[in-house]
Structure formats: C-alpha cells, structure tokens
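Take a look at the letters that make up each chain.
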Amino acid sequence: MIPSDLRYTKEHEWVRVAGDEATIGITQHAADQLGDIVFVELPEPGRRLEQFATFGVVESVKAVSDLFAPVAGEVVEGNAGLAATPEVVNSDPYGAGWMLRVRLSDPAQLEQLLDAAAYEALTAEG
Amino acid sequence: MTGTAQTVVSSRGTPLLSRHVALGARMIDFGGWRMPVQYTSILEEHRAVRERAGIFDLSPMGELFVEGPDAGAALAGALVTDPPSLAVGRAQYSLICAPDGGVIDDLVVYRLAQDRFLVVANAANAPVVSDALAERLDRSRSILDDRSLATALVAVQGPAALRILRPLADVDLAGLDDYAIAEGAVAGIPALVARTGYTGEDGFEVFVEGPAAPELWDVLSAAGAQAGLVPVGLGACDTLRLEAGRPLYGNELDRATTPFEAGLGRVVDLSKAGPFVGRDALARAAEAGPRRSLVGLVVRGRGIARHGYPVWSGSRRTGVVTSGTLSPTLGIPIAMAYVAPADAAPGTMLDVEIRSARAAAEVVPLPFYSRAR
Chain A
95 MIPSDLRYTK EHEWVRVAGD EATIGITQHA ADQLGDIVFV ELPEPGRRLE QFATFGVVES
155 VKAVSDLFAP VAGEVVEGNA GLAATPEVVN SDPYGAGWML RVRLSDPAQL EQLLDAAAYE
215 ALTAEG
Chain B
347 MTGTAQTVVS SRGTPLLSRH VALGARMIDF GGWRMPVQYT SILEEHRAVR ERAGIFDLSP
407 MGELFVEGPD AGAALAGALV TDPPSLAVGR AQYSLICAPD GGVIDDLVVY RLAQDRFLVV
467 ANAANAPVVS DALAERLDRS RSILDDRSLA TALVAVQGPA ALRILRPLAD VDLAGLDDYA
527 IAEGAVAGIP ALVARTGYTG EDGFEVFVEG PAAPELWDVL SAAGAQAGLV PVGLGACDTL
587 RLEAGRPLYG NELDRATTPF EAGLGRVVDL SKAGPFVGRD ALARAAEAGP RRSLVGLVVR
647 GRGIARHGYP VWSGSRRTGV VTSGTLSPTL GIPIAMAYVA PADAAPGTML DVEIRSARAA
707 AEVVPLPFYS RAR
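These protein sequence lines are chains A and B, in that order. If you're matching positions, the first sequence starts at 95 in the numbering used here and goes up one per residue. If you're matching positions, the second sequence starts at 347 in the numbering used here and goes up one per residue.
No lab work stands behind these hints, which were simulated from the structure alone. Computed from a prediction, not measured in an experiment: that's the story for all the values here. Fair warning: there could be bad hints in the mix.
Taking CB as the label site, the calculated pair distances span [to be verified]:
#: 1; chain 1: B; residue 1: A703; chain 2: A; residue 2: R110; range: 21 to 31 Å
#: 2; chain 1: B; residue 1: D375; chain 2: A; residue 2: R110; range: 48 to 58 Å
#: 3; chain 1: A; residue 1: A211; chain 2: B; residue 2: F376; range: 33 to 43 Å
#: 4; chain 1: A; residue 1: R110; chain 2: B; residue 2: P473; range: 24 to 34 Å
Glycine residues also receive a C-beta, built at the ideal position from the N, C-alpha and C atoms.
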C-alpha cells in the first residue's frame, strides 16, 4: 500500500530518487486527510529549497496545507499537469500526482527520512 | 496535517450517527455534535445535489414550537418579521435580533395552524434562541415548547427530490409550494414536510421524532437509490449554500452584524404594527445606511480566498472575507466578504490577500448560482 521504494517525511511528503534527481509528492494519507485537492502552488525552476522548509502549498476545498521539502536542492520542474487536474493528487499521489523534481544538493539527507515501514507505523498511530 | 477524526467524549450523536459511521463518513465535532463532513468527496456530493439529489442529516438544528392565542403576536414582537401575516401552511425566513440590532440567529418560521408556529434555529444557536424566545414570550398567552433534542431533521435536496419523496408521502408534495409546510406521514412515519432548504435547489426538509429517523433515512435512501441519491455531509452543505449566496451564522452573520450590512434589510419589517426587540436600533440603522456591505467575489487565479483573509481596494484595506471556496459548479474560487459600501457595486475590482500575495477579485451580485426553473 505504501510504496516501499520511497522515503517519507513526518509531514507526509514522499521522495523518489534517481541518480542525483529527486521527485517529490504527498502521500495518499495526506491527500485523504485534505479531501478534494483543488490547487497546488509550487516554486519556479531554479528555486533553491532547504530541507524541511516550506516550498509551496496544497489547497483542498476545506483546507490549506504547507508543503515541506524532504531534501534540499534546486527545483528542476514542477508538475504542470496539476494546474488543470489537481485531483490527480488524490487519485494517483505517487504517480501522475507528483509535484516537483529537484536536483539534490546533499544525497546524505535521505538518511534522515523515514522508510516505508517507519512511515506506515507513523500513520497507523492515526 | 489536519488529524484523523478522534473521539471527543463530550460530543453527542444525532439519531443517525450509526448510519454515518456505517457509510464510512469522515466525522468531526460540530458544535458538540458528531457530524459527517463527507462520505466520499465534497466535490462529488456537491455535484450530486446539483444534478440529482442528496440526503442530509440536519438533526442538530433547533425546533421550537410556539403555541397559544398570542403565539403569532408574541413572535411578531420577538422577531424582525411578521409571522401573523403568514397563511397556515406557509413559512418565512426571519431573524431574531438583540435590542442593539445585532443578529442573534437567522431562522425559518413555519405557521402550522392559526395558533401554532414552528421556529427552526441553527444548531449552535438553538439554546440561545430558546432562552431569548422564552424571555420575549413571557407574559403572553403562548407556550414555548423546545423540542430540538427530541426532533430529527432529514433533508432531501436536488432536482430529483420531488420524484423521490412524492410516492412516500401521504400529502401532495407536487402541490406543496416553495416555503410551504404540510403535516402528514412519510413512509407511514408521522412528519412535517417543508419545501425549504439552503442549497439553492428544489428540496424538502422532513421533521420526525428522533427515534423514527433511522427508518426514515433508510427508506429515503432506498427509494432514492435509482435516482442517484447520495448522502451529503457538512463540507458540501457549505459549498452548496455558498454558491446559493446564503449567509451562514458564524461567518456572514453574528452579534456584531445588523441585517442591513448582510443584505437582509428586506427581511426586517419596520412597517408591522407594534414594537419588536431591536426595532429602534434597526430603524436608526436603516436610516443611517450600513457601514459595510456583504458582497460576492469571484477571485482570479486558482487560490482560494478563505474566512478572515483581508480585502483591499488599492492601498486601502476595505474589508474581510467571510466565506470562500472553490465553486464546484463554476470551477472558480468564489467568496463572500464585507467591504466598504463604496466598494460594493458589482464590477468593482478589489484584491484579496491570500497568504502573502494578492489576487484580483471582482464584486459580483449574489447568488453565484441559481437553479433553472
């Protein structure tokens, strides 16, 4: 249920690494909590992110929530498809609902993130 | 992240709590009541009501019966409207105000008989309204019977509502006018059936004794299945009423707000004979004109303007957002806000502060949505 090849933050973001690039999104748990997502505000390419600092906002019908960077790096691309179909974050948060691609500045930061088992345990606590 | 629903010991359930839980609804504490926010998705539930029908548990609302030879006259002295002017079987939207003209609650008043009225109050205000009415009706030949906790309220709203309810009722629902009420039975269950609602769609509100609510819910749900009836929670309830331009107590209305500011001046009947609580203050307010005006806003861009966000006219702070959402029907962000009267004309361009940025917003007339008739 929770993809085993990803790493997670306590704030319910996930990150998938390929070489020195990371793809970032929010988990199904987060999307479910938010309800119908209607808008995602993402930083422009070239922006530098700090690990665990806010980098954007996700809005649902009833709530706004900050997005926290799992890793530091430079923004390569935001998912332009989310402008037209933000609801894909609810239906496919680990695939088509990806939010940001980032060039990692310090791959060692991944060690500070939760693995799938630890994230599962976190969300099981409610 | 906003947390999962947690058990709040002090929260009570309506008679339909078990139904909401069985349907897998996400529950929250709503003014001391365990209530469903959504069953599937707010957007889906909202669209279902606009296109087909939705069934709502509105049981936390207050039902206050006023009966006696002075019932009508006493209510005319307690509220801003003139209930004696109602024909039997008719209803009116009303307000109960404080002596200073501030709104205590918005209400619907139904005339059930010559000497018998039903006043329906918002859930959070039911106790306050009950106390205020008891005080105002004192010394009149009328009795206040607060049956809020004994009464359940199930609403069916949407274009298919009549089709769904009609075969189940022993009163002629097709002949029931808008803002009318009839006493009879639904599926054999004694009920008051009113053609009222807050969604902007056609629909009915069915008042029954609490213990009968689960059976009523089950019968209506089964009868409506083929027409695509779905249960609808508080989330969609809010987006529906916002599109319909209806004020919500706690957002657009509160004790510091007069009816005139909220665009409800036409509800205040200053021409009725006799005093009523708040009359002098309201007459003065009507004369002076409002210090702020409630408007509809269509926001440019994709960000949602939410309760409490500031509204600007150039470099001048002109007001504040009272309610806002992404309109499921229109697909754009909409909001209601109080602004300076000079900025309230439709077409006026203002800015809403959304977090640290400003989004352009155009003043539009309310409602944002009206059903095709």
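How the hints compare with the structure:
A703(B) and R110(A) have their C-beta atoms about 30 Å apart, which keeps the hinted 21 to 31 Å range intact. For D375(B) paired with R110(A), a C-beta distance near 37 Å fails the hint of 48 to 58 Å. Range check, A211(A) to F376(B): Cβ separation about 36 Å, and the 33 to 43 Å hint holds. Between R110(A) and P473(B) the CB atoms are about 53 Å apart, so this pair departs from the stated range of 24 to 34 Å.
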